[in-house]
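Q: Take these sequences, add in the hints, and give me the full structure.
Residue numbers (our numbering), protein chains in the order written: chain B, 1 to 114; chain U, 1 to 250; chain H, 1 to 81.
Hints are computed from structural coordinates only; laboratory data are not their basis. Glycine included, C-beta positions come from ideal geometry on N, C-alpha and C. Among the hints, a few may not be true.
[As the list claims (entries may be wrong)] Derived lysine-lysine pairs resembling PhoX-like cross-links, with alpha carbons at most 25 Å apart: (1) U:208 / B:61; (2) B:61 / U:48; (3) U:48 / U:208.
[Claimed, not checked] Here chain H is said to cover these stretches of chain U; the calculated rule only asks that three of the stretch's residues, wherever they fall, bring their Cβ under 8 Å from a Cβ of chain H: (4) 133-139; (5) 145-152; (6) 190-203.
Given next are the chains, with one letter for each unit.
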Amino acid sequence: MNLLPWIIAAWLAAVGIFGIVTSRHVVHLIGCLSVVQSSTYVVLLSVGFRAGAAAPIFYDKPPGTIAVDPVVQALVLTDVVVGAAVTALLLAIALQICRRKNTLDPEALRPLRP
Amino acid sequence: MSPRLRVVLLAGSFAVLAVPAWRTMQALPRFGHHALPYGDAINAAAPKQRHVTNMVSAVNFDYRGVDTLGEETMLLAAVTGTAVLLRGQREGGERDRLGPPRPHGGRSEAIVLASRIAAPFTFLFGLYVALHAMVTPGGGFQGGLVMATALLWVFLGDGHLAWGRLVRTGWVDACEGMGVAAYAAAGLGTMLAGGAFLQNVLPRGALKSMLSGGLMQVLNAAVALAVVAGFLTLFVEFLKETAGLQGETE
Amino acid sequence: MTILLGLLYVLAAAGGGCVALIRDPRRQVMAISANGVVLALLFLALRAPDVAYSEIVVGGAALPLLFLVTLASARARSQDR
Chain B
1 MNLLPWIIAA WLAAVGIFGI VTSRHVVHLI GCLSVVQSST YVVLLSVGFR AGAAAPIFYD
61 KPPGTIAVDP VVQALVLTDV VVGAAVTALL LAIALQICRR KNTLDPEALR PLRP
Chain U
1 MSPRLRVVLL AGSFAVLAVP AWRTMQALPR FGHHALPYGD AINAAAPKQR HVTNMVSAVN
61 FDYRGVDTLG EETMLLAAVT GTAVLLRGQR EGGERDRLGP PRPHGGRSEA IVLASRIAAP
121 FTFLFGLYVA LHAMVTPGGG FQGGLVMATA LLWVFLGDGH LAWGRLVRTG WVDACEGMGV
181 AAYAAAGLGT MLAGGAFLQN VLPRGALKSM LSGGLMQVLN AAVALAVVAG FLTLFVEFLK
241 ETAGLQGETE
Chain H
1 MTILLGLLYV LAAAGGGCVA LIRDPRRQVM AISANGVVLA LLFLALRAPD VAYSEIVVGG
61 AALPLLFLVT LASARARSQD R
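A: Now the structure itself:
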């Protein structure tokens with residue numbers, strides 16, 4: 001039971017990569033990439049967790065209360081926002097693929113055909 | 001490489017990685033009882049040193065401020081790449097403006113009313129979250145996202161013509177660049193004042209007040225501006241892709 | 001590790017599995033939205049309110065919009081030909 005966070009993170013990464021490898025639609029592939037990203041968020045926040053502690057906001061608690069780690073939360077926070085922007089970039093590339101090759105199937109795309 | 005071979009290779013690599021992964025999981029400290037020296041040091045020192053109560057904002061904008069500058073640049077790069085890709089392909093003129101509204105079945109009055117009521121309040125809430133970065137959970141990133149999403153209510157309720165009138169592309173582009181430039185300029189400004197890059201040289205203010213933290217307020221405002229403008233650019237570029245297309249979507 | 005936290009972890013795993021294993025892109029968008037909400041609840045239970053804020057907005061509003069607009073553009077463009 002204590003290994004549950006790591007098992008869940010490994011499962012999320014594995015199922016995301018499986019989805020990418022067996023994908024038949026580029027937009028579905030980009031969605032699976034976001035699943036792989038979420039596995040890293042789960043790992044980081046689970047490492048920073050402390051049982052019985054409070055959130056690292058000392059507005060209504062005196063400073064010095066036992067709190068969880070704020071550094072990993074700062075990492076994950078900026079990662080979520082920038083990840084959304086990068087996903088938008090990938091979707092723009094997918095639109096370009098649709099325009100040029102008239103297909104959205106990764107199996108039908110061949111690299112660098114002249 | 002056929003798909004079946006690819007799946008077989010994937011299964012094989014998972015099998016090879018499973019044993020070291022299992023042993024690593026068992027060697028980690030117990031969940032909830034990790035040693036967190038860096039986090040404890042920041043929790044102990046930041047309220048006294050920086051007069052803020054939101055430790056995550058203190059880490060983002062002060063203790064690891066340079067990392068946030070890198071994240072800002074990543075955001076700018078992704079948004080610029082998307083804009084270049086999508087604008088470069090449009091023929092200019094015909095689809096570069098949001099065109100006339102396509103005939104559709106009519107929007108329900110309830111949706112229009114709800115959108116018109118919800119949009120300014122959501123925007124105000126986003127502004128509140130962005131401003132109270134130093135005291136309560138929130139900050140430039142979160143508040144900027146909420147503000148950008150609040151303007152989607154306008155699109156939902158009044159269609160993309162009203163959206164086009166509200167969101168001017170020139171202004172939004174300028175705000176995006178100014179947000180990142182303001183962050184970097186704040187860092188260089190502290191060097192002119194005699195400190196290190198991004199050193200907190202402004203007066204710190206009182207604990208638990210909205211205007212505390214010194215230079216963190218400036219950096220927080222720059223981040224909020226960049227995030228709002230960046231996501232608005234993304235939304236506008238993608239919505240312009242659907243302008244001029246036939247079909248029941250809008 | 002309380003029961004609530006364990007349940008939320010399992011729910012997050014189910015959400016991630018749904019997103020990856022649903023092949024139809026339009027249904028996957030709804031799964032992405034639900035996954036965002038579940039992940040935000042998990043982050044809240046892990047005492048991270050700032051992260052939960054970002055995840056709700058990104059997973060619930062920003063990403064589904066981008067995905068739906070991309071799908072609409074791609075479908076309409078392929079219908080034009």
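Q: Look at each hint and say if it fits the structure.
A: Against the structure, the hints:
no.: 1; hint: U:208 / B:61; result: 11 Å, holds
no.: 2; hint: B:61 / U:48; result: 14 Å, holds
no.: 3; hint: U:48 / U:208; result: 12 Å, holds
no.: 4; hint: 133-139; result: holds (count 3)
no.: 5; hint: 145-152; result: holds (count 5)
no.: 6; hint: 190-203; result: violated (count 0)
Going through the hint list in order, the structure does not satisfy hint 6, though it satisfies all others.
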